[in-house]
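Asker: Construct the entire structure; sequences and hints are all you get.
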Amino acid sequence: AQKITQTQPGMFVQEKEAVTLDCTYDTSDPSYGLFWYKQPSSGEMIFLIYQGSYDQQNATEGRYSLNFQKARKSANLVISASQLGDSAMYFCAMREEGTGANNLFFGTGTRLTVIP
Amino acid sequence: DAGITQSPRYKITETGRQVTLMCHQTWSHSYMFWYRQDLGHGLRLIYYSAAADITDKGEVPDGYVVSRSKTENFPLTLESATRSQTSVYFCASRSLSSLKETQYFGPGTRLLVL
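Protein chains in written order, with our numbering: chain A, 1 to 116; chain B, 117 to 230.
The set of hints was computed from the structure by calculation and includes no laboratory data.
If you're wondering where the values come from, they're calculated on a predicted model, not measured in any experiment.
Beta carbons are placed, not taken as given, at the ideal position from N, Cα and C, and that holds for glycine.
A few of these clues could be false.
Here are some, though not all, of the chain A residues that point toward chain B, as calculated from beta-carbon distances under 10 Å [what the hints assert, rightly or not]: (1) ILE4; (2) GLN6; (3) PHE35; (4) TYR50; (5) GLN51; (6) CYS92; (7) ASN103; (8) LEU104; (9) PHE105.
Now the in silico label distances, taken between C-beta atoms and shown as ranges [unchecked claim]: (10) ILE46(A) with MET138(B): 21 to 27 Å; (11) ILE46(A) with SER211(B): 15 to 21 Å; (12) ALA71(A) with HIS157(B): 47 to 53 Å; (13) THR7(A) with SER185(B): 38 to 44 Å; (14) VAL204(B) with GLY98(A): 25 to 31 Å; (15) GLU175(B) with SER31(A): 17 to 23 Å; (16) PRO40(A) with GLU188(B): 26 to 32 Å; (17) SER211(B) with LYS70(A): 23 to 29 Å; (18) GLY156(B) with LYS73(A): 19 to 25 Å.
Answerer: The following block contains the structure:
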């Protein structure tokens, strides 16, 4: 089974509007971390936001917030006041803290296009 | 320069040739990782290393070899390149300072196997 599922291959949003990118995850590890990364056309992976499984509040970083619904195993990224520079691929990822690998499991990504 | 670097950034090779992708980090992070990125798959773990001289397989290790004789370097070798290994390769590192510590990614190496 996929550990991270991103069901939206592509999304469009009007500039200055908010957009939600969906992410669901699957794990039996009680301790895990959820991450969102942005990959612009230049190719680098840019860390955006982190949510720990024991965090009581949803994470926020500037215009990015994470809508964490633990019971539903979802960790949606909300981008407020979209800007043209937000056009990129967005990846949701999870790290299971109980494993020794410490690696990230990635979803297949969502391509966001911001329309002027 | 501080950070994590990869070389070469672009590489074209032929099937059957040996190719080594280099990764260097200046933070002395314990963990280092190699991922490959392919359309429709996101990033998948090839190998990882928890410390110098400690390496282990990830999700897609076949056809790859790694070594880590020094903390800062983590080269990835394709012993006999195949067309299916055409991909973008990302090296990453992470410290263990806190659970929320992210992985830091290198700029990637685009490999084309003809």
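Asker: Quick one, is the PHE35(A) hint okay against chain B at 10 Å, beta carbons?
Answerer: 6 Å, holds
Asker: Tell me if LEU104(A) is really an interface residue toward chain B, meaning its C-beta lies closer than 10 Å to one of theirs.
Answerer: Cβ of LEU104(A) sits 6 Å from chain B, so the hint holds.
Asker: May I ask you to test the interface hint for TYR50(A) with respect to chain B, counting a Cβ-Cβ separation under 10 Å as satisfied?
Answerer: Holds - the Cβ of TYR50(A) comes within 10 Å of chain B, reaching about 5 Å at its closest.
Asker: Taking the Cβ atom of ILE46(A) and the Cβ atom of SER211(B), is their distance within the range 15 to 21 Å?
Answerer: The hint (15 to 21 Å, Cβ to Cβ) holds, given that ILE46(A) and SER211(B) are roughly 18 Å apart.
Asker: Regarding the hint that ASN103(A) lies at the interface with chain B, is the smallest CB-CB distance below 10 Å?
Answerer: Since chain B brings a Cβ to about 5 Å from ASN103(A), closer than 10 Å, the hint holds.
Asker: Does PHE105(A) pass the interface check with chain B, least Cβ-Cβ distance below 10 Å?
Answerer: 8 Å, holds
Asker: 38 to 44 Å was suggested as the range; check whether the CB atoms of THR7(A) and SER185(B) agree with it.
Answerer: 43 Å, holds
Asker: Could you check the hint for me, namely that SER211(B) and LYS70(A) are 23 to 29 Å apart, CB to CB?
Answerer: 26 Å, holds
Asker: Given GLN6(A) as an interface hint, is the shortest Cβ-Cβ distance to chain B below 10 Å?
Answerer: 8 Å, holds
Asker: For the pair ALA71(A) and HIS157(B), does the Cβ-Cβ distance stay inside 47 to 53 Å?
Answerer: At roughly 28 Å between Cβ atoms, HIS157(B) and ALA71(A) fall outside 47 to 53 Å, so the hint is violated.
Asker: Less than 10 Å between beta-carbons is the criterion; does ILE4(A) satisfy it with respect to chain B?
Answerer: Because about 8 Å separates ILE4(A) from the closest Cβ in chain B, which is inside the 10 Å limit, the hint holds.
Asker: With respect to the beta-carbon atoms only, verify the hint that PRO40(A) and GLU188(B) lie 26 to 32 Å apart.
Answerer: Check passed, 27 Å falls within 26 to 32 Å.
When held up to the earlier numbered hints, the structure conflicts with hint 12 and nothing else.
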